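A.B. asks: Going by my numbering, the sequence shown opens with residue 280, and the numbers climb by one from there.
Please note: incorrect hints may appear among the correct ones.
[To be verified] Straight-line Cα separation of at most 20 Å, SDA-like style, residue types lysine to any residue; simulated pairs: (1) Lys554 x Leu518; (2) Lys554 x Ile519; (3) Lys554 x Pro564; (4) Lys554 x Ser504; (5) Lys554 x Leu569; (6) Lys554 x Gly571; (7) Lys554 x Pro449; (8) Lys554 x Ser505; (9) Lys554 x Leu578; (10) Lys554 x Arg420; (11) Lys554 x Val513; (12) Lys554 x Ala570; (13) Lys554 x Thr577; (14) Lys554 x Leu509; (15) Lys554 x Ala568; (16) Lys554 x Leu476; (17) Lys554 x His503; (18) Lys554 x Ala537; (19) Lys554 x Trp473; (20) Lys554 x Pro446; (21) Lys554 x Ala487; (22) Lys554 x Val574; (23) Lys554 x Ala511; (24) Lys554 x Asp533; (25) Lys554 x Ala590; (26) Lys554 x Ala573; (27) Lys554 x Leu579; (28) Lys554 x Gly580; (29) Lys554 x Trp566; (30) Lys554 x Tyr565; (31) Lys554 x Leu524; (32) Lys554 x Leu510; (33) Lys554 x Gly515.
Simulated from the structure, these hints should not be mistaken for lab results.
Given the structure is predicted, the values throughout are model-derived calculations rather than measurements.
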Amino acid sequence: MSESVRTGSGELERRYRRLLWAYPSAYRRDRGAELVGTYLDLASEGRRRPSLADAADLVGGGLRERLRAAGTAGLLSGVRLAAVLAFPTATALAAGWSVLESHPPAPEFQVRTFGPFASLGVVAWAAWLVAAVTHALAPARHARSLIGLAVLLTALVVPAAALTGAPRPPLSVLVPQLALGLLALALPDRLPLWVRLAPAAVAALAAALAVRWLAPKGDYVSYHSSGLELLAPVGGALLIVALALALALALRRDARGAWALLVLLTPAGLLSVRKLAEQFIGQNPYWSALAGTAVAVTLLGPALLLFALAARRGRPLPQRAVGCCPTCGASR
280 MSESVRTGSG ELERRYRRLL WAYPSAYRRD RGAELVGTYL DLASEGRRRP
330 SLADAADLVG GGLRERLRAA GTAGLLSGVR LAAVLAFPTA TALAAGWSVL
380 ESHPPAPEFQ VRTFGPFASL GVVAWAAWLV AAVTHALAPA RHARSLIGLA
430 VLLTALVVPA AALTGAPRPP LSVLVPQLAL GLLALALPDR LPLWVRLAPA
480 AVAALAAALA VRWLAPKGDY VSYHSSGLEL LAPVGGALLI VALALALALA
530 LRRDARGAWA LLVLLTPAGL LSVRKLAEQF IGQNPYWSAL AGTAVAVTLL
580 GPALLLFALA ARRGRPLPQR AVGCCPTCGA SR
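Input sequences plus hints: build the corresponding full structure.
C.D. replies: Here is the structure:
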C-alpha cells in the first residue's frame, strides 16, 4: 500500500471518529471502533472525507442513541409518523388556497391582485403541489428538498409582499403552513406506495372540494371571507386522525402514535388559533388577541412535549442483545 493511500485512510478514519461526538460517551467506548471500521470497509478507495450521506447517517444514529439512552427512543419515530400526517395536510391546504388564488376579485371590487391571481401566495402553493407530486414519483430525498423549497417560499411571502406592495395571504394561513412544512421535512426515506401517493391524492380531493366551497360563481371570495373558516376543521381533523392512530398503536404497546399526537398539537393548534381566541375572548378577536393566542399555542405544544420527555426519562430500557448491529440494532 502506498504512503498516500495510508495517509488518506488515516485521515478518513480521523474524520469518521470526529463524527462520533453525536453518540453518548459509553457507546463510543463500547462500539465506536466497530462502527468506524464498518464505514471504512464500505468507503471507496482513495476517499479522504466522509460522504454527506455517511455524515448524516452517523449524526442521526448518534442522536437516536442519545434519545434511547434518555428513555425517549420512540420520539424520533413519532416525529416521522407526525410528518407523514403533516405533509398531506399541508398539500391539501395548498390545493385549496390555489383554487382561491385562481379566482381573484373582479375589477369592480377595486381590490389589489397579483396579476391573474389573488396574491403572492400562489407561488408558495404551487411549490407545495410540486412537492406532493414529487413525493409520489421520486425518492424521498428529492421530495424533502422540494418541501424545504416550499417552506422557504412560504416564509418569503411576507417580506416579498412588503417589498413589492403585492397582496399576500394572512399570517393565520401562512404560519400553520410553515409549522406543517417544517414537520414534513422529517418524512422517512422508505414508505409504502399508497402513503407516497397520499399527499397528491388528498390535494386533488381538496382542490375539487374547494372549487365548490371557496370559488362559487359570481361571489367575492378571499382568505378572510371564506378561507379562514376552514382552518379549524382541518386542524380538528388532523388531531382526530392522530388520536385514532395513537390509540390503535397503543393497543400494540407502540408509543409512536402518542409521540406523534404530542408533536402535532402545535400545528393543529395554530390552525385553530381564531377559534381558540373566540372561545376565550369573544367573537371577532383583535389582531393582538390572535397573536397572543398563537404565541400561547406555540409555547404550550413544546412544553407538553418536554413534560412527556421528562416523565419518560429514567424509565428502565430493554438492553440490546449481544451481537446486534451497532447502527440499526438488528440481529446478526
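A.B. asks: Does each hint hold? Answer for all of them.
C.D. replies: Against the structure, the hints come out as follows:
The straight-line distance between the Cα atoms of Lys554 and Leu518 is roughly 15 Å, inside the 20 Å bound, and the hint therefore holds. Proximity of Lys554 to Ile519 is assessed by CA-CA distance (about 17 Å); at most 20 Å being required, the pair is judged to hold. Simply put, Lys554 and Pro564 have alpha-carbon atoms about 10 Å apart, close enough for the 20 Å limit, and the pair holds. A hinted pair counts as satisfied when its Cα atoms are at most 20 Å apart, and Lys554 with Ser504 qualifies at roughly 15 Å.
At roughly 9 Å between alpha-carbon atoms, Lys554 and Leu569 fall within 20 Å of each other, so this suggested pair holds. Of the supplied pair hints, the one linking Lys554 and Gly571 holds, its CA atoms being roughly 13 Å apart against a limit of 20 Å. Distance check on the hinted pair: Lys554 and Pro449 sit about 16 Å apart at the alpha-carbon level, within 20 Å; holds. For a cut-off of 20 Å, the pair hint linking Lys554 to Ser505 stands: about 15 Å separates their Cα positions.
Pair hint Lys554 plus Leu578 holds up; C-alpha atoms about 18 Å apart against a cutoff of 20 Å. With a CA separation close to 36 Å, the supplied pair Lys554 and Arg420 exceeds the 20 Å bound. Our distance criterion of 20 Å between C-alpha atoms is met by Lys554 and Val513, whose separation comes to about 12 Å. For the hint linking Lys554 to Ala570, the alpha-carbon distance of about 13 Å falls within 20 Å, and the restraint holds.
Taking the CA atoms of Lys554 and Thr577, the gap is near 15 Å; set against the 20 Å cutoff, the hint holds. Between the alpha carbons of Lys554 and Leu509 the distance comes to roughly 11 Å, so the proposed pair stays at or under 20 Å and holds. The suggested pairing of Lys554 with Ala568 holds, with an alpha-carbon distance near 11 Å, which does not exceed 20 Å. Among the hinted pairs, Lys554 with Leu476 is inconsistent with the structure: their alpha-carbon atoms are about 31 Å apart, more than 20 Å.
Using a Cα cut-off of 20 Å, the hinted pair Lys554 and His503 holds, with the two alpha carbons roughly 14 Å apart. Pair hint Lys554 plus Ala537 does not hold up; C-alpha atoms about 24 Å apart against a cutoff of 20 Å. Distance restraint check for Lys554 and Trp473: the Cα-Cα separation of roughly 33 Å exceeds the 20 Å cut-off, and the hinted pair is therefore not satisfied. The hinted pair formed by Lys554 and Pro446 fails the criterion: a straight-line CA distance of about 24 Å is larger than 20 Å.
Between Lys554 and Ala487 the CA atoms are separated by roughly 25 Å; this puts the pair beyond 20 Å, and the hint is violated. Between the alpha carbons of Lys554 and Val574 the distance comes to roughly 15 Å, so the proposed pair stays at or under 20 Å and holds. Distance restraint check for Lys554 and Ala511: the Cα-Cα separation of roughly 7 Å lies within the 20 Å cut-off, and the hinted pair is therefore satisfied. Distance restraint check for Lys554 and Asp533: the Cα-Cα separation of roughly 32 Å exceeds the 20 Å cut-off, and the hinted pair is therefore not satisfied.
Under the criterion of a C-alpha separation no larger than 20 Å, the hint pairing Lys554 with Ala590 is inconsistent with the structure, at around 31 Å. Restraint check for Lys554 and Ala573: satisfied, since their Cα atoms lie roughly 11 Å apart, inside the 20 Å limit. Distance check on the hinted pair: Lys554 and Leu579 sit about 16 Å apart at the alpha-carbon level, within 20 Å; holds. Under the criterion of a C-alpha separation no larger than 20 Å, the hint pairing Lys554 with Gly580 is consistent with the structure, at around 17 Å.
A distance of roughly 13 Å separates the Cα atoms of Lys554 and Trp566; the hinted pair therefore holds under the 20 Å criterion. Annotation: proposed proximity of Lys554 to Tyr565 holds, straight-line Cα distance about 13 Å (limit 20 Å). A C-alpha spacing of about 25 Å is found between Lys554 and Leu524, which places the hinted pair above 20 Å, so the restraint is violated. For the hint pairing Lys554 with Leu510, the CA-to-CA distance comes to about 9 Å; that is within 20 Å, so the pair holds.
A threshold of 20 Å between alpha carbons decides the hint, and for Lys554 with Gly515 the separation of about 11 Å falls inside it, so the pair holds.
In this structure, the hints that do not hold are numbers 10, 16, 18, 19, 20, 21, 24, 25 and 31, in rising order.
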